[in-house]
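Heads up: the sequence lines are chains A and B, in that order. To convert, count from 1 in the first sequence and add 1222; that's the numbering used here. To convert, count from 1 in the second sequence and add 1222; that's the numbering used here.
Quick caveat, the hints were computed from the structure, so don't treat them as lab data. Note that the structure is predicted; figures quoted are calculated from it, not measured. Just so you know, nobody snuck in bad clues.
Remember, identical chains collapse to one label, so a pair may be satisfied in a single copy or spanning two.
Listed below are the simulated EDC-like cross-link pairs for lysine to aspartate or glutamate, each with C-alpha atoms no more than 16 Å apart in a straight line:
| # | residue 1 | residue 2 |
| --- | --- | --- |
| 1 | 1404 | 1303 |
| 2 | 1377 | 1362 |
| 3 | 1357 | 1293 |
| 4 | 1273 | 1254 |
| 5 | 1377 | 1398 |
Number of protein chains: 2
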Amino acid sequence: MSRWEPNARGRLEQAALDLYRERGFDQTTVTEIAERAGLTERTFFRYFTDKREVLFWGQERLRELYVRTIETAPESTAPIDTVVLALEAAVPVFHERRELARQRQAVIDANPGLQERELLKRAALAAAVTEALRKRGVADPVASLAADVGVIAFKTAFARWVNSPDEPDLSQLIREALDQLKAITRDDR
Amino acid sequence: MSRWEPNARGRLEQAALDLYRERGFDQTTVTEIAERAGLTERTFFRYFTDKREVLFWGQERLRELYVRTIETAPESTAPIDTVVLALEAAVPVFHERRELARQRQAVIDANPGLQERELLKRAALAAAVTEALRKRGVADPVASLAADVGVIAFKTAFARWVNSPDEPDLSQLIREALDQLKAITRDDR
DNA sequence: CAGGTGATGTCAGTTCCTGTTATCACTATA
DNA sequence: TATAGTGATAACAGGAACTGACATCACCTG
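Whenever a hint applies, use it, and build me the whole structure from the sequences.
See the structure below:
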């Protein structure tokens, strides 16, 4: 038998999510999270830089997927379509864990501090996408604008997807959001 | 002579900005800020909810200006153009204090925690704009998408404006960013 | 089997932030 | 003009988030 139970990080993540849901983020202490995971406060801070980060650790995986998808997209693809390709490549990640996504989002929506962190993570993803586009030779203002537009489309689609009673296709919603966005920016008054 | 020096809030703002610039945000303690302003740590927290907020207090003014401008815009104006009207109405606010904006932005750019707060404030502005559009009868996904597009255009323009050696017109830059954004979302591959 | 390694625990300390109560100049009113 | 507010501030105590330093101890490696 090993000295330590395996998967300390996972246990901490689970304990944190559970507690945040049970009594709210502010009313949960890091010591409590660690205790429930059978660990120490100090150990929590070895795995996560702060109390919020525990809900956002998965974003790293997403970033890699986005960047890889953009790198391998056909050369001729337009910037905005490259971004959409990346967003769609990540859709299964969400479909696989819809319930988890729902719970997590409910916690975030209930706390401004967590919303801040979510926005920062989103911005980091946009920056990674921008950088990946630049490497494909997309010029500078275009690259970041395309990334930002993609983020908006995803955000809009995700907000609808995560709380619908039925289970719509996230890709579909992304495309719809993008179409509406295109309609808005068109000069037809 | 009055018991207290006037403009406690302003003194705290100034002291905070100075110290954040001198030694960085993390290396500055709230007690130090208060001392420099001739006040107490406790008093700092009466004026500002937290250590970051001191840099963002002005946003409230901006929000009001945006909302008012949208409320008084001609009925026939398209959503995206209504948003641009609001953004342009606020341009003088920035032109008036370019140096302050520059210093403030440099501090924010050097600290992730401050970037989080900036993103949250930006999201709050977008939400206010969305709400103002809804009150004009703009349907739901369109209102928030138009607000978000406006925010992106402004962000892009501001980033260029705040650090250019010459003094370009912010309105001009906003329109340019929006034009590029329109080009990106157009279906011409 | 000695010594290194890595995950964890222990402990002490700083800073952010909050609640509570006390001052005290100024103001309104009797 | 005495008195009772009122509002901005100070003083103090305390909780919780985080950090640094060092100890422990199962496991691995030669």
